[in-house]
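Peer 1: These are the residues of each chain, in order.
Protein chains: 4
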Amino acid sequence: MQDIQSGPSRVPLAIDRVGVKNLTHPLIVRDREQGQQHTVATMDMSVDLPAAFKGTHMSRFLEALGDWTGILDYASFKQLLEDLTIRLQAKRAHLHFSFPYFREQSAPVSKSPALMDYQCSLQGRLEGRDMEMILGVDVPVMTVCPCSLAICDHGAHSQRAMVRIEARFSGLLWIEDLIDIGQQAGSSPVHALLKREDEKFVTDAAFDNAAFVEDVVRNAAQNLAKHPQVHGYKVEVESMESIHNHSAYACIETM
Amino acid sequence: MQDIQSGPSRVPLAIDRVGVKNLTHPLIVRDREQGQQHTVATMDMSVDLPAAFKGTHMSRFLEALGDWTGILDYASFKQLLEDLTIRLQAKRAHLHFSFPYFREQSAPVSKSPALMDYQCSLQGRLEGRDMEMILGVDVPVMTVCPCSLAICDHGAHSQRAMVRIEARFSGLLWIEDLIDIGQQAGSSPVHALLKREDEKFVTDAAFDNAAFVEDVVRNAAQNLAKHPQVHGYKVEVESMESIHNHSAYACIETM
Amino acid sequence: MQDIQSGPSRVPLAIDRVGVKNLTHPLIVRDREQGQQHTVATMDMSVDLPAAFKGTHMSRFLEALGDWTGILDYASFKQLLEDLTIRLQAKRAHLHFSFPYFREQSAPVSKSPALMDYQCSLQGRLEGRDMEMILGVDVPVMTVCPCSLAICDHGAHSQRAMVRIEARFSGLLWIEDLIDIGQQAGSSPVHALLKREDEKFVTDAAFDNAAFVEDVVRNAAQNLAKHPQVHGYKVEVESMESIHNHSAYACIETM
Amino acid sequence: MQDIQSGPSRVPLAIDRVGVKNLTHPLIVRDREQGQQHTVATMDMSVDLPAAFKGTHMSRFLEALGDWTGILDYASFKQLLEDLTIRLQAKRAHLHFSFPYFREQSAPVSKSPALMDYQCSLQGRLEGRDMEMILGVDVPVMTVCPCSLAICDHGAHSQRAMVRIEARFSGLLWIEDLIDIGQQAGSSPVHALLKREDEKFVTDAAFDNAAFVEDVVRNAAQNLAKHPQVHGYKVEVESMESIHNHSAYACIETM
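Chains as they are written, first to last, in the working numbering: chain A, 1 to 255; chain B, 1 to 255; chain C, 1 to 255; chain D, 1 to 255.
Keep in mind that the hints were calculated from the coordinates and are not lab data.
Certain hints may be false.
For chains that are exact copies, the list does not tell them apart, and a pair is met inside one copy or across any two.
[Stated by the list, open to error] Straight-line C-alpha distance at most 30 Å; calculated DSSO-like pairs for lysine-lysine:
#1 Lys78 to Lys234
#2 Lys195 to Lys91
#3 Lys226 to Lys78
#4 Lys111 to Lys195
#5 Lys234 to Lys91
Take these sequences, add in the hints, and give me the full structure.
Peer 2: Have a look at this one:
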């Protein structure tokens, strides 16, 4: 059967990335407390393609994934990237996994446990022996507006805000480290389960710690800059303002 | 050229709705204050198909839309539905338009004007001479939690909540009427533009008017039940809780 | 601490559904081939609320979920619904779980195995001893246009179409049954992994089995009507037409 | 009333971008054929914030927008960016508008006219007197698979693919230029309205011009590189494969 893909390219331009996008696949992720946890990922997989070749061989991405362990850690992620460069005869390979991650969190007073979910991503790029990795976590927090608190007779508007962190790292970086940095940056963490005594605690704590999106983004950036495994970061804060139908937004980026 | 669509159906089942979906098209909408306004709609158009025919003629939906005035009011909407039944030789026709709608709103103290956006929909179903119409509006509001307000030392959590109204109506029902019903149901309306004095006013007013999703859904339902043009409704309230990563939800439906 | 929720309602209207929405949570699902599989669900949980009470107790939904087995089958789903009616002192409870589900599928010629993903949902409603359940599956298929095939010199346009099935059922209804009904309704099933010989097989088979959205919706409806556990259904087909920027759509509903 | 925002920052880090996000607002866009057209935009507006200041003044973004003409062209876009730097006392300002754009397109044989919609974006960044602008257009096309065409007995799989172009430009760059580049890159343009004779034409033409995502991305890149106003580009092609439940993807980037 003809291999059209290996034929010559009519337009001799190198392609930066070619592959498959929006694959849904089960994934097992390393977990600091439990060892590992099951989740479901959306995956993008790609390689470079030299100017001379007409096409890549898309089915090999699926074969590489099928032969992979399915357990995400540093070594296995690198091994999948290497496998792609070999199967596709490529110089560079990229992976982008995006998945929900769960952490048990106790309510602050009642200590009732419940699972919080965090949308995460892991991007990797392998070229020769160099692997670059970027870990991403979206951390929901509560913000209380300092301006509103200063000027209002009683109360102040609060809302849910999302702290979106991406960190270029080397060595071992736990998702939990980025969750902690995100949670400490807002007026208060959010929780899945709060009894009345917990709701009082969280609200009072948040009102003692009012923060603009500008404060949140700076708090997170300061702690990302100090983290020994983090070598570059982007942190975005989007606050779903309770008094508006749009968001307040702030971003600091060193990548 | 062969007309496969008009051929016989292999499986003799009548089809409830067949047509085109997710068309994006400009639309001019009647506006209580300005006369009319320009917006962009996502449109679904369909008709019934008897068991005997293999297929409908999809291009005729586009021809009907192209020949239509593009100005949305009661008469023109009915005329488009009628046109579909004629062009497609159908007993029933359905339309679903969904579009952002803008209303100028003044800030409560500074009176600074700004445009607020509301996601709206209009559904119509024509069968013979009977036309059924359902108008939908998503109204963002602010809610202050009554429980949190009662138990906390200072403050209470607040958040943006969405009041989603669908109303079956006859005669003339203004989008503005449903916006008003939604806004009055929450702790406070939200605004596009608030100066400091407005922010103080809105926050103080909302804290004087704490409301659970249960309160909001009942307030809206009560006013929908009283509206002379409304003959059935569904109202859903989804509150993006600032202390959680999930929503609180309530629904009352009479349709 | 004050229990505001148990206080009287200012507007004495019963609420059809009140609860939590858009919770993300791990889920284990029964699997016909493997016994069970891990996935992640988005969950809505609600109960009715009588006119006399101001509010429900949202944290109890989370407690019920935390105490639940997390393994989805008929008995455990019913048990969670019952638990909600007890904890919330409600007459009715509703659950809506939505989750990706995986099935290993072999390529038609090379027999290469790979995981296909299907977006599924399970809705349940308990009132007294009556439980109503609706299983939903979105089944992607390929469609080849019969009109295009008849009139074109070579080829015909094809595209991905989504067959969205919802089935009210009693007893045991496997997700795999609905996947099979969806796949048989289109011109061809789609696959995650196809080698060249498989791609030839799938394309040739699809071109031997051209189908409009009207054909697909009727094929699926016919088989749903015959299924002994299915007592009502809605089937929608949306075809992402390769010659248009909108979809073709058809729907048959008996629920 | 206290101006908390102008107070000192606790964490002395400069913020790259701070402002408002996800505003929905009407927009009038310059149109090569008609002069101008009405649409609706989603807008992000931001400025930099020096390390010394606690916060920016969010309401001024809305005031700037309210005082703006609302008619998008080179001069007015620059004027809005300049206005933001003045009102917010900033060194840099950013705008990101995203909106559907319509172009009338005639069917190839019947010449029936209909509106095609294209999702577009315009990003601008002003620093001092330097303005950088990036125009983006998503152009849907049809692709016929060259491999499938070579190996199948009859037919070949085809699908809708999206060509996503972003072009850094100077001077005047028409949205229509990027639409043309995108449409010429695929096997065939897609249309809103096709009569039977047009459907035959489009399908036959597409089958005479089979193209992988690799071909499409190279065709578009080649023409972007030649365009006199374009000084850098990113072009991504995502093909919603009709034989798979995932996409094929290719990207060339020079920005």
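Peer 1: Now look at each hint and say whether the structure bears it out.
Peer 2: Going down the list of hints, with the structure as the test:
1. Both within a single protomer and between protomers do Lys78 and Lys234 lie at most 30 Å apart by alpha-carbon distance, with minima of 23 Å and 27 Å respectively.
2. In the homo-oligomer, the alpha carbons of Lys195 and Lys91 lie at most 30 Å apart only across protomers (23 Å), although the nearest pairing inside one protomer, at 55 Å, exceeds that limit.
3. Proximity of Lys226 and Lys78 under a CA criterion of 30 Å is satisfied intra-copy only: 26 Å inside one chain copy versus 38 Å between copies.
4. Taking identical chains as interchangeable, the C-alpha atoms of Lys111 and Lys195 lie at most 30 Å apart only when both belong to the same chain, with a minimum of 9 Å there against 41 Å between chains.
5. For a Cα distance limit of 30 Å, the shortest separation of Lys234 from Lys91 qualifies both inside one copy, at 27 Å, and across copies, at 21 Å.
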